[in-house]
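Which chain is which? The protein sequence lines are W and Z, in order.
Residue numbering for the first sequence follows the working numbering, beginning at 1 and increasing consecutively.
Residue numbering for the second sequence follows the working numbering, beginning at 116 and increasing consecutively.
In case anyone wonders, no lab produced these hints; they're calculated from the structure.
Computed from a predicted structure; not experimentally measured.
Note that CB positions come from ideal geometry on N, CA and C, so glycine has one too.
Certain hints may be false.
The following label-pair restraints were derived from C-beta to C-beta distances [to be verified]:
{"id": "1", "chain 1": "Z", "residue 1": "Asp-169", "chain 2": "W", "residue 2": "Gly-28", "range": "28 to 34 Å"}
{"id": "2", "chain 1": "Z", "residue 1": "Thr-135", "chain 2": "W", "residue 2": "Asn-71", "range": "39 to 45 Å"}
{"id": "3", "chain 1": "W", "residue 1": "Thr-53", "chain 2": "Z", "residue 2": "Gly-211", "range": "33 to 39 Å"}
{"id": "4", "chain 1": "Z", "residue 1": "Pro-155", "chain 2": "W", "residue 2": "Lys-13", "range": "22 to 28 Å"}
{"id": "5", "chain 1": "Z", "residue 1": "Thr-143", "chain 2": "W", "residue 2": "Gly-28", "range": "29 to 35 Å"}
{"id": "6", "chain 1": "W", "residue 1": "Leu-115", "chain 2": "Z", "residue 2": "Thr-186", "range": "39 to 45 Å"}
{"id": "7", "chain 1": "Z", "residue 1": "Glu-130", "chain 2": "W", "residue 2": "Asn-56", "range": "40 to 46 Å"}
{"id": "8", "chain 1": "Z", "residue 1": "Thr-135", "chain 2": "W", "residue 2": "Asn-56", "range": "28 to 34 Å"}
{"id": "9", "chain 1": "Z", "residue 1": "Gln-210", "chain 2": "W", "residue 2": "Gly-16", "range": "23 to 29 Å"}
{"id": "10", "chain 1": "Z", "residue 1": "Leu-161", "chain 2": "W", "residue 2": "Glu-52", "range": "35 to 41 Å"}
{"id": "11", "chain 1": "Z", "residue 1": "Phe-133", "chain 2": "W", "residue 2": "Phe-60", "range": "38 to 44 Å"}
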Amino acid sequence: KAGVTQTPRYLIKTRGQQVTLSCSPISGHRSVSWYQQTPGQGLQFLFEYFSETQRNKGNFPGRFSGRQFSNSRSEMNVSTLELGDSALYLCASSHPGLAGQETQYFGPGTRLLVL
Amino acid sequence: GNSVTQMEGPVTLSEEAFLTINCTYTATGYPSLFWYVQYPGEGLQLLLKATKADDKGSNKGFEATYRKETTSFHLEKGSVQVSDSAVYFCALSDQGTGNQFYFGTGTSLTVIP
């Protein structure tokens, strides 16, 4: 099976712009989660989507949003970019299973640089 | 709430040395515990997992045992190789919070020949 794919891999934006990142989960996986990874804060959970519905959300401002399509592909959007949004954004997918026991499989990430 | 505390790095070892990376957790429910590894420029790869107390996860010579009494999930390997150089993350998920993973800060390991 193909792994989790994320596009684009690298992105450079300027402050105030918006950005959309895309994630294609492993075939058959219906849950997609997004994480932000920075040297200072480590890995922080953004949100999770399951069957096109947001099932869980982390502590990020409303500028961060996401959605999931019927084929389980997901996008996340960041509006009004700030310098502090520079990070590696990781997408992870999982197969439905026992809650709390599902392994998450990660994509390679999209590295966003905000200038 | 849920949290993971990981041993501070970086860790530098000689090839064939014994590795231990400490990980302790706090959880409100019955967590599953994971170790992930991240190589430079890549995403996270699952290394091993354990879903209940006393379970031992193992993979590629790495092992970790889920110790409920000490709330720990320490990663060990008997003989490290240069190719094990990476950042290691301990993580938990809790059935009470669905699929949300809580990660430790990561431990950077460098193995020198």
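Verification of the hints:
Taking the beta carbon of each, Z/Asp-169 and W/Gly-28 are about 31 Å apart, inside 28 to 34 Å as hinted. Take Z/Thr-135 and W/Asn-71: their Cβ atoms lie about 43 Å apart, and the range 39 to 45 Å holds. A hinted range of 33 to 39 Å for the beta carbons of W/Thr-53 and Z/Gly-211 is inconsistent with their spacing of about 19 Å. A hinted range of 22 to 28 Å for the beta carbons of Z/Pro-155 and W/Lys-13 is consistent with their spacing of about 24 Å.
Checked against the hint of 29 to 35 Å, the C-beta distance between Z/Thr-143 and W/Gly-28 comes to roughly 30 Å, which is consistent with it. Taking the beta carbon of each, W/Leu-115 and Z/Thr-186 are about 43 Å apart, inside 39 to 45 Å as hinted. Look at Z/Glu-130 against W/Asn-56: about 42 Å separates their beta carbons, and that is inside 40 to 46 Å. A beta carbon spacing of about 33 Å between Z/Thr-135 and W/Asn-56 agrees with the range 28 to 34 Å that was offered as a hint.
Between Z/Gln-210 and W/Gly-16 the C-beta distance comes to about 41 Å, which lies outside the given range of 23 to 29 Å. Look at Z/Leu-161 against W/Glu-52: about 26 Å separates their beta carbons, and that is not inside 35 to 41 Å. Between Z/Phe-133 and W/Phe-60 the beta carbon distance is about 40 Å. The supplied range of 38 to 44 Å therefore holds.
In summary, the numbered hints that this structure violates are 3, 9, 10.
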